[in-house]
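K.L.:
Build the full structure now, drawing on both the sequences and the hints.
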Amino acid sequence: MSEQRYEPQEIEPRWQALWAEERTWEVANLDEEESAGEPLANVRGGAEHPAAYVLEMLPYPSGEPHIGHLKCYALGDAIAHFQRRLGQRVLHPMGYDSFGLPAENHAIRTGVHPRVSIAESIASFQRQFRSWGISIDWSRELSTSEPSYYRWTQWIFLELFRAGLAYRREAAVKWCPNDQTVLANEQVDAEGHCERCGALVEVRQLEQWFLRITDYAERLLGDLDGIDWPEHVKTMQRNWIGRSEGAEVTFRCEDFDPAHPVDYPVFTTRPDTLFGATFFVMAPEHPDVLRLAAGTEHEQAARDYVNRALNETNEERGNAERTKTGVPLGRTVTNPVNGERIPMYVADYVLMEYGTGAIMAVPGHDERDYDFARTFGLPIKRVIAAPEGQDGDLPYAGDGTLVNSHAEFDGLGNREALAAIVAWLDREGKGHASVNYRLRDWLVSRQRYWGCPIPIVYCERCGMVPVPEEDLPVELPDIDDYQPKGRSPLAAAEEWVRTTCPSCDGPARRETDTMDTFVDSSWYFLRYCDARNSEAAWDPAALREWMPVDQYIGGVEHAILHLLYARFFCKALADLGHLDFQEPFQALFTQGMVTKDGSKMSKSKGNVVSPASIVERVGADTARCYILFVGPPDQDADWSDEGVEGVHRFLGRLWRLAAETAERAGGPSPELDSPDFAEGDELVLVRKAHWAIDKVSGDLRRFAFNTAIAAVMELLNECSRLRESVSIESMRFALGTAASLLFPFAPHTSADIYDRLTGERVWEQPWPEAEESMLESDEYELVCQVNGKVRDRVQAGADATPEQLKELCRAAPNVIAHLDGKELVKEIVVPGKLVNLVVR
RNA sequence: GCGGCGGUGGCGGAACGGUAGACGCGGGGCCCUCAAAAGGCCCUGUCCGCAAGGGCGUGUGGGUUCGAAUCCCACCCGCCGCACCA
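Each residue of the first sequence is one higher than the one before, counting from 33 in the working numbering.
Quick caveat, the hints were computed from the structure, so don't treat them as lab data.
A portion of the hints provided could be inaccurate.
[What the hints assert, rightly or not] Straight-line alpha carbon distances no greater than 27 Å define the calculated DSS-like cross-link-like pairs of lysine-lysine that follow:
1) K865 / K821
2) K206 / K413
3) K821 / K854
4) K838 / K865
5) K854 / K838
6) K854 / K865
7) K858 / K821
8) K821 / K838
9) K838 / K858
10) K413 / K462
11) K356 / K413
12) K632 / K266
13) K356 / K206
Values in this document were obtained by computation on a predicted structure and should not be read as measured data.
P.N.:
Quick look at the structure:
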């Protein structure tokens with residue numbers, strides 16, 4: 033018998049070539065399949081089989097894939113394979129998020145067109161995905177920077193524009209004075225520096241494009257309840273949306289111009305403390321601040337303060353620890369509930385973006401207002417008394433009884449009073465119940481080259497005009513100079529910019545900003561369903577077949593942005609009649625990071641593990657199994673080369689024992705049935721195989737890949753232990769089962785083993801089912817406890833009655849020793865497990 | 001500060017309220033070999049003991065229970081997210 037070596041370098045390319053040749057993982061849409069006549073290999077009976085959509089977040093193709101990609105796709109592939117073998121038609125596509133800053137920055141440095149560098153990266157990603165053996169339907173591959181894709185990104189933008197969901201507005205944006213460009217939020221570090229050049233970022237007022245995601249705040253919040261996502265991701269989204277219930281209350285300013293009083297609404301979550309308002313504060317950005325201060329003794333001070341505040345970074349302003357600053361405006365407003373005139377201030381602790389940009393200050397019951405009042409010597413009034421026995425020191429933010437307010441409300445519990453005061457305000461026309469959100473509209477314009485052009489032209493006569501659908505895509509022109517100079521590099525492409533108005537044929541200019549890349553990735557999962565459609569973004573029938581995504585997989589770093597934007601797109605598109613579902617991702621799995629020596633892999637730390645080198649050394653199956661075996665996939669995992677070796681040894685042992693068994697059996701034979709009349713060691717091994725089927729199936733359903741692989745290891749250990757004492761048939765069954773179970777994790781090795789043993793294709797086999805009778809045995813080890821401590825173990829029959837079990841336990845030698853001279857108080861029997869004797 | 005997650009051998013990690021430490025790594029011993037690599041077999045929480053066996057053990061302190069890593073209360077530590085959001 034020849035000694036055989038496990039050689040993944042030979043095995044893996046062989047199976048990859050077969051899968052590529054036969055296009056094994058392609059699935060057709062049902063309508064295409066009917067007309068095409070020739071069903072693809074893995075379309076089993078078409079419509080009879082339920083559709084499943086398994087999707088990993090699409091990669092940003094920069095350089096080469098890293099270990100995090102390997103983990104993500106190994107994980108998704110395991111799920112996709114499992115679902116296929118459960119009889120589902122599985123859509124498992126791949127694409128590239130290929131617009132974006134890294135490619136553009138590379139172009140600025142090297143002069144290489146982003147299209148060229150992106151194409152190289154994509155080629156590298158494709159090569160590696162194939163070398164990892166990921167079961168991808170390549171017929172649906174897409175790249176967001178291709179005109180055939182972004183044509184539809186533009187179409188969606190125009191749909192949103194027509195619905196009023198895309199609009200232009202002046203806003204404060206991040207501006208880098210060195211690079212002369214607006215920056216994406218994600219390009220500004222925590223200290224407010226430009227990620228690229230390190231300059232301190234400024235805030236500028238510029239007209240920008242926004243998407244009206246705030247219209248969807250309530251639905252984005254509410255619909256979280258109906259989707260199967262990790263709780264922490266839902267929590268993050270809830271916090272980000274930041275819903276607050278309260279009231280809008282109007283304060284009137286009459287001393288600015290008594291003939292024309294001005295009303296200033298404020299938002300408060302505590303209208304019950306309205307009687308405690310002793311001053312009023314406006315944000316420095318509030319448009320009326322300077323007008324109010326004009327002509328008062330505070331005019332200059334207010335002007336200086338506003339200027340200083342506007343030039344401060346968010347980081348400085350956002351620091352709640354520092355002493356409160358502000359300047360009086362020399363004006364007063366009237367508190368609507370008691371007619372008191374209270375002074376107005378401007379202070380930077382009030383934010384223009386939240387609520388109305390002005391607040392009523394209640395220093396007795398709000399910590400920030402309290403700090404401000406202490407600094408400026410303003411009155412602090414208690415209007416809520418803490419319950420008996422509780423520390424009610426001011427500022428007191430807890431519940432209690434209203435005091436010092438008004439005869440009508442004093443003595444009420446504050447929650448009750450809140451409702452009563454809001455009702456009163458409503459009746460008097462001075463306020464109403466209101467809900468506020470932290471969520472802001474999504475700024476989508478970028479003064480950047482490598483992005484999707486915004487399909488709008490500006491005409492002197494007609495104003496802002498959408499590009500007609502038949503003229504899409506507005507293609508991104510080639511340019512020579514990628515350097516941003518305070519406006520989009522596209523603005524220099526004069527020939528491209530100059531155009532004619534679609535509406536009046538007069539001279540017009542194109543929008544030169546491009547879209548945030550998060551727009552591109554907010555709908556790509558829809559395009560996969562009908563990726564080659566040149567007539568429309570998708571055929572609604574294709575979406576009905578596949579959407580929503582049954583299992584989405586990716587990193588937590590997208591917990592808010594991408595996942596929130598994609599949800600918003602679906603809701604908006606559904607409202608416009610393009611979709612008939614509200615949520616894109618029915619279930620979400622967030623994978624943990626892969627670290628090295630406990631820290632994040634990075635080039636500067638020199639601790640980067642390259643998937644390509646691992647695959648070259650030990651094979652893709654080892655790499656994939658290791659990364660799933662090392663720990664629960666939602667947790668961070670530390671890369672260990674020794675651990676990789678361990679998994680490699682396991683695959684080698686499995687493969688060698690299988691190859692040897694196949695040889696001993698005289699080559700492959702198709703039947704792989706569970707041997708019927710096994711006994712002794714035979715039975716032990718066959719039972720172990722059925723146990724493994726049961727264990728791996730359950731573990732796969734709950735994404736416990738680490739314990740699933742461990743179960744196959746246990747099965748192999750049992751095979752090794754019993755190799756001399758069991759029949760070739762039992763061994764074939766056990767090893768074939770091991771390969772079958774391991775296929776979702778180590779597809780090449782498993783396919784090879786299964787082929788050697790049976791001559792059949794493991795991916796075409798249905799997922800094995802454990803025989804119920806094989807999961808029970810007629811004897812088991814009964815644990816005998818005395819006072820909850822294990823004292824002995826004895827063999828017990830599966831059908832023994834509780835009485836018999838007690839009897840067995842009492843007779844166990846070491847139990848007898850512990851019962852000596854004690855009084856038996858109680859006997860607990862857990863059939864199949866243990867007996868616990870309680871003694872005194 | 002608010003919210004979320006976590007704390008188990010030398011290490012990664014297992015464990016429907018029912019045998020704590022599966023599986024793997026690392027370590028030790030042995031076999032094969034002229035030797036090594038590769039491979040195979042055995043041991044491996046800790047302390048006492050020749051052994052049989054026993055004590056102690058899941059961040060800390062309490063509680064519920066016949067029985068707690070698991071449930072409850074209080075606390076300590078670590079990680080992540082948000083943070084002057086009225």
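K.L.:
Each of the hints needs a verdict: does it hold here or not?
P.N.:
The hints, checked one at a time:
Of the pairs offered as hints, the one joining K865 and K821 holds, with about 14 Å between alpha carbons and a cut-off of 27 Å not exceeded. In summary, the hint linking K206 to K413 is not supported, as the alpha carbons are separated by about 40 Å, beyond the 27 Å threshold. Restraint check for K821 and K854: satisfied, since their Cα atoms lie roughly 15 Å apart, inside the 27 Å limit. Between K838 and K865 the alpha-carbon distance is near 12 Å, which keeps this suggested pair within the 27 Å criterion.
Distance check on the hinted pair: K854 and K838 sit about 16 Å apart at the alpha-carbon level, within 27 Å; holds. Under the criterion of a C-alpha separation no larger than 27 Å, the hint pairing K854 with K865 is consistent with the structure, at around 24 Å. Between K858 and K821 the CA atoms are separated by roughly 14 Å; this keeps the pair inside 27 Å, and the hint holds. Restraint check for K821 and K838: the C-alpha separation of about 16 Å stays at or below 27 Å, so the hint holds.
Of the supplied pair hints, the one linking K838 and K858 holds, its CA atoms being roughly 11 Å apart against a limit of 27 Å. Annotation: proposed proximity of K413 to K462 holds, straight-line Cα distance about 22 Å (limit 27 Å). Only pairs whose Cα atoms come within 27 Å are accepted, and K356 paired with K413 is accepted, the gap being roughly 19 Å. At roughly 25 Å between alpha-carbon atoms, K632 and K266 fall within 27 Å of each other, so this suggested pair holds.
Proposed proximity of K356 and K206 is supported: the alpha carbons are some 25 Å apart, at most 27 Å.
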